[in-house]
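Quick mapping for you: the protein sequence lines, in order, are chains S and U.
Read left to right, the first sequence gives residues 17 to 167 (this note's numbering).
Read left to right, the second sequence gives residues 17 to 167 (this note's numbering).
Hints are computed from structural coordinates only; laboratory data are not their basis.
There could be a bad hint or two in this list.
To be verified - Here chain S is said to cover these stretches of chain U; the calculated rule only asks that three of the stretch's residues, wherever they fall, bring their Cβ under 8 angstroms from a Cβ of chain S:
1. 42 to 55
2. 114 to 122
3. 136 to 148
Stated by the list, open to error - According to the in silico footprint, chain U covers these stretches of chain S (three or more CB under 8 angstroms from chain U):
4. 43 to 51
5. 82 to 92
Note that the Cβ used here is the ideal one computed from N, Cα and C, for glycine as well.
Here's the letter readout for the chains.
There are 2 protein chains.
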Amino acid sequence: MRGALLAFGGTLLAGVIAIAYAQDIKPDRAIKYRQGALTTMAWHFGYLGAMAKGEMPYNKDEAIRRSAIVAEVSRLPWEGFTPGSDQGAPTKAKPEIWKEPGKFKELQTKLIDETGKLATVAKTGDEAAFKAQVGATGKACGNCHDDFRAK
Amino acid sequence: MRGALLAFGGTLLAGVIAIAYAQDIKPDRAIKYRQGALTTMAWHFGYLGAMAKGEMPYNKDEAIRRSAIVAEVSRLPWEGFTPGSDQGAPTKAKPEIWKEPGKFKELQTKLIDETGKLATVAKTGDEAAFKAQVGATGKACGNCHDDFRAK
């Protein structure tokens, strides 16, 4: 009984500590984090877009490397849209993000799906298919920006 | 012969296009990219540091997930230290980065090694070893900041 109570106390304490750490994360840090992750993704996707548009030559190894990075990083920004971080630092995030979480989540999932496909198709070395998938991925970025990012 | 000349011309053209794209990347974009990647890494490492310091409870799954992200992202910032990007936007990057590329590279490699070890040890679930490796990884961050980041 005493052990159970102690264990229960420990679990409570752990929960309180976890909440305390999360609360320590101020909105400005969350905003900078998600912007950082999105900037990281955009940098690498920029090269893939340049290849797709013929602004730089297609290179299979680079396509593979940067697509894999984009696929990984596309999972990261979303945890930075913490409650209350609609303000606290300059941000283009629209309030709709917190009002329509289901729709926002759906568009995240769509992006992650498309970047996953991009990483897969890059490995095949099929240049035309790769370029088409860059287009589909760019569309997934844009769809979310249309609804949830201010101009 | 004509084919060889055409192929040579094509290679030259491809090289010129690639250089043109790289030159289009202005220093301020490179600076924002590398800061974005470093901010992304710091966000996730912050949770691991909080676990190691007891500011939040150790959680094996979270330790695995965030360590894997840190290991991946630790490879990314360095291509943002492009020639000429010692200025162009607010940056704490010291000029030494471009004067001592060998030493800078060595510290990048050290960090990538340590984050790789962190991702590996996180998977074992050995809490003490994980916490020790968080310390070793933090030291690798700090070593580079000491020499190459302004206060």
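Going down the list of hints, with the structure as the test:
no.: 1; hint: 42 to 55; in the structure: holds (count 8)
no.: 2; hint: 114 to 122; in the structure: violated (count 0)
no.: 3; hint: 136 to 148; in the structure: violated (count 0)
no.: 4; hint: 43 to 51; in the structure: holds (count 4)
no.: 5; hint: 82 to 92; in the structure: holds (count 4)
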